[in-house]
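*Asks:* The whole structure should be built from the sequences, with the hints applied where relevant.
Number of protein chains: 2
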Amino acid sequence: MAAQERAIRTRHNIMLAAATVFNERGYKAATIADILAKAGVTKGALYFHFPSKDELAQEVLAAQNRDFSVPDRPSKTQEVVDIVMLHTHRLQSDPMVRAAVRLTMDQLSTELDRTGPFRQWSDVTRERLEKAGAQGELLPHVLPGETSDVLVGSYAGVQSMSHALSEYQDLPVRVNALLRHLLPSIVLPSVLASVDIAGDRGARVHAEMLAA
Amino acid sequence: MAAQERAIRTRHNIMLAAATVFNERGYKAATIADILAKAGVTKGALYFHFPSKDELAQEVLAAQNRDFSVPDRPSKTQEVVDIVMLHTHRLQSDPMVRAAVRLTMDQLSTELDRTGPFRQWSDVTRERLEKAGAQGELLPHVLPGETSDVLVGSYAGVQSMSHALSEYQDLPVRVNALLRHLLPSIVLPSVLASVDIAGDRGARVHAEMLAA
Chain R
1 MAAQERAIRT RHNIMLAAAT VFNERGYKAA TIADILAKAG VTKGALYFHF PSKDELAQEV
61 LAAQNRDFSV PDRPSKTQEV VDIVMLHTHR LQSDPMVRAA VRLTMDQLST ELDRTGPFRQ
121 WSDVTRERLE KAGAQGELLP HVLPGETSDV LVGSYAGVQS MSHALSEYQD LPVRVNALLR
181 HLLPSIVLPS VLASVDIAGD RGARVHAEML AA
Chain G
1 MAAQERAIRT RHNIMLAAAT VFNERGYKAA TIADILAKAG VTKGALYFHF PSKDELAQEV
61 LAAQNRDFSV PDRPSKTQEV VDIVMLHTHR LQSDPMVRAA VRLTMDQLST ELDRTGPFRQ
121 WSDVTRERLE KAGAQGELLP HVLPGETSDV LVGSYAGVQS MSHALSEYQD LPVRVNALLR
181 HLLPSIVLPS VLASVDIAGD RGARVHAEML AA
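As they're listed, the protein sequences go chains R and G. When we follow the UniProt record's numbering, the leftmost residue of the first sequence carries the number 1, and every step to the right adds one. When we follow the UniProt record's numbering, the leftmost residue of the second sequence carries the number 1, and every step to the right adds one.
The set of hints was computed from the structure by calculation and includes no laboratory data. Don't take each hint at face value.
One copy or two, either will do: identical chains are not told apart, so a pair holds if it fits within one copy or between any two.
Keeping only pairs whose Cα atoms sit at most 35 Å apart, straight-line, the calculated DSBU-like set for lysine-lysine is [as the list claims (entries may be wrong)]:
hint : residue 1 : residue 2
1    : K131      : K43
2    : K28       : K38
3    : K53       : K38
4    : K131      : K38
5    : K131      : K28
*Replies:* Set out below in structure tokens:
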């Protein structure tokens, strides 16, 4: 195994260990010693990759950003939906994404800057909504900045409720219901008629991206 | 001071101390010793009122339920809005409500049953939506159980985003935006035209209840 490949693998192991420890203990209570024990690496190796606990947490938080890139669609509204649905799928299936979301929603981690994920999600969504607007997909009164914040904020709560009530088992159903309530206030009915918001949309987009 | 009055005051002091400690340390890391130190009461007094840390947390969680009772209105949609707006006001002004919401949203507190607040909020909202439907205020396709879950879940996330980005300063503006996106999919336009969803609605309902 080449040195570079080994470094990438070590880095990934440390992140997975950190994600698990943050998940189990919360950001505040988690220690570097816990993460070292879980990752099975030396202190030197950890600090080579991540100078502090905060930088580690920020890297874990960033794991959810991979859901931003979805295939191009003629309808930009569909891209907004696909980002939400792909994230829903990965929240159910990827422990790193789960850890990232829990850190984001941890209102007790006051020392950790949790604003990044909210802002990034909102920026990515706003950009797509602006394109959707330019293409004439949106209702005339929509302000993309306001609407993207509503989408991101409301999604964050629906996933939290689904986590508390069913450990994410009912998440696709709840996300579908949320979109049925929000999209008619955002998108023209004629556009909405051909947007796919089915609960299994995320799994299909994920498969499409793996195949590509 | 009568013995009963003293007991009520002690109980309240313990709850306030517990709320502060849960807020600062999270449910998992908080200890009975921390709460005793903060409340300045004896172990015996604490266990007289609350048999366990879990019971204490459940009482703190229940603090948000006081927002369920709002004055009767001819429009039941307005009552749903008033519950949301009163809660928004108290989230900005009452440390106990803040602590209750943080505990509810603490996805790391896996030993704590956080399902109660989600279910209670949804039940109270569903009941009012059913009445609104019976009075002909709602669009014909609305399922009160589904819509109440969407309202409660999306609100939970919007408050979390507002907490992360502005320590709740922008909460009334965000809640107003959320309601403008959701209500047109729930309520008849002719009803919606006379529903008050202004950002200062919560403060006004609160003042009205204090005066009564």
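*Asks:* Among the hints numbered above, which are violated by the structure, and what are their numbers in rising order?
*Replies:* 1, 4 and 5
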